[in-house]
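Engineer: Below, each chain spelled out in residue letters.
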Amino acid sequence: MPQVKQAPGGWGPLSTLPGNPIMWVLIWSELLVFGAALGGFAVARLLDPAGFDASQAHLDRFLGALNTMVLLTSGFLAAMAVRARADGEMSGSRRWMAASMAVGAVFLYVKIIEYADKLDAGLDIETNTFFTLYYLITGFHFLHVILGLIILGVVTWKNSLENLETGAAFWHMVDLVWVLIFPLIYLVR
Amino acid sequence: MHAALPSRRTLTLAWLTLMVLTVGAMGAGKVGMDISLGPVWSTALLLIAGLKSGLILWFYLNLRRSTPGWRKGFAAFLIALLGFILAVYVLTLVL
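Heads up: the protein sequence lines correspond to chains A and B, in order. Counting along the first sequence from 1, when you hit position 95 you're at 95 in the numbering used here, and nothing is skipped either side. Counting along the second sequence from 1, when you hit position 42 you're at 1042 in the numbering used here, and nothing is skipped either side.
Think of the hints as simulated: they come from the structure by calculation, not from any bench. Heads up, a few of these hints could be off.
Stretches of chain A that chain B covers, calculated by requiring three or more beta carbons in the stretch to come under 8 Å of a beta carbon on chain B [claimed, not checked]:
(1) 35-44
(2) 168-179
Here are a few chain A residues that face chain B, going by a calculated C-beta distance under 8 Å [to be verified]:
(3) 18
(4) 59
(5) 62
(6) 68
(7) 69
(8) 75
(9) 80
(10) 83
(11) 183
(12) 189
Lysine to aspartate or glutamate pairs mimicking EDC-like chemistry, simulated, CA-CA at most 20 Å apart [to be verified]:
(13) 1030/B - 60/A
(14) 1030/B - 87/A
(15) 158/A - 60/A
(16) 118/A - 1034/B
No experiment lies behind these values; they were computed from the predicted model shown. Heads up, the beta-carbon is just placed ideally off N, CA and C, and yes, glycines get one too.
Using the sequences and the hints, build the whole thing.
Structural biologist: Below you can see the structure in the form of structure tokens.
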């Protein structure tokens, strides 16, 4: 019987990705779920472009952009933490990751301000299709940010290089998803 | 030193580029104005989003050290998603 060549670690092609391969299964699942949600949002807008544009005007585009910069900066700090750990700087790595988490928490704070502002204006999840999708998509992402911060906390504690790469990979996926959410929900009109 | 990871300088340059692209997206998206964007600026926004996603994948997620198969897979995902969104947007203008 011919031998099948397999990458070291027994994870096949997943072994060539940084961090734990299981995290990449999760990352792909999340990207597909968010991708379907964003595709659904685009189709829903097709059915009621005027209604969607009028609703979108209630969003704070500056806060959306600010949060994009906040999350990208947090991702950068997480990448620097992995780099520092690879260079053998244990405490330096922890400091970078702590900074990444602190900046990531700013994202949550800004988003809570946004949600509170919308709810005060009477714009809730049942207002119309736009706001239903806005709350569902950004709310699901918000939960991922919370989960990401928990994961970053755990890998800061148990900070082997593989753990840090795995935690940072999840965090970068959360970044990437927001980079796609921001233009579609806040800007395109 | 871990050779497979991007250097601090590369990571910093990637972050600066992402910041500049975000400012570019704010300009293309006419953040301060409640006016329709039209197909050109909307396409620009989606292209910028694609570029930013690519930078995150390439440098932060370090796909540059992965296999061509993974790189093509992620690129195909982004092109399919952003292409679909753009196609639906254009359809909205036509209908």
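Engineer: State for each hint whether it applies.
Structural biologist: Going through the hints against the structure:
1. With a threshold of 8 Å between beta carbons, the proposed coverage of the stretch 35-44 of chain A by chain B holds, since 5 of its residues qualify and at least three are required.
2. Counting residues of the stretch 168-179 of chain A whose beta carbon lies closer than 8 Å to any beta carbon of chain B gives 7, which meets the minimum of three for the stated coverage.
3. Using the Cβ-Cβ criterion of 8 Å, the hint placing residue 18/A at the interface with chain B is satisfied: the shortest such distance is roughly 5 Å.
4. The restraint placing residue 59/A at the interface with chain B is violated, with a minimum CB-CB distance near 10 Å, outside the 8 Å limit.
5. Checking residue 62/A against chain B by beta carbon gives a least distance of about 6 Å; that is within 8 Å, so the hint holds.
6. Because the closest C-beta pair between residue 68/A and chain B is about 5 Å apart, less than 8 Å, the hint holds.
7. Of the supplied interface hints, the one on residue 69/A holds, with its beta-carbon coming within about 6 Å of a beta-carbon of chain B, less than 8 Å.
8. Hint on residue 75/A holds. Least Cβ distance to chain B is approximately 6 Å, under the 8 Å limit.
9. Checking residue 80/A against chain B: minimum C-beta separation of about 6 Å stays under 8 Å; hint holds.
10. Satisfaction of the interface hint for residue 83/A is found here, the shortest Cβ-Cβ separation to chain B being roughly 6 Å, below the 8 Å cut-off.
11. Given the 8 Å rule on beta carbons, the hint for residue 183/A holds: about 4 Å separates it from the nearest Cβ of chain B.
12. Satisfaction of the interface hint for residue 189/A is found here, the shortest Cβ-Cβ separation to chain B being roughly 6 Å, below the 8 Å cut-off.
13. Among the hinted pairs, residue 1030/B with residue 60/A is consistent with the structure: their alpha-carbon atoms are about 12 Å apart, no more than 20 Å.
14. With a CA separation close to 42 Å, the supplied pair residue 1030/B and residue 87/A exceeds the 20 Å bound.
15. Of the pairs offered as hints, the one joining residue 158/A and residue 60/A is violated, with about 38 Å between alpha carbons and a cut-off of 20 Å exceeded.
16. Note on residue 118/A and residue 1034/B: the hinted pairing holds, with a Cα-Cα distance of about 18 Å set against a maximum of 20 Å.
Hint compliance for this structure: hints 4, 14 and 15 are not met, and every other hint is.
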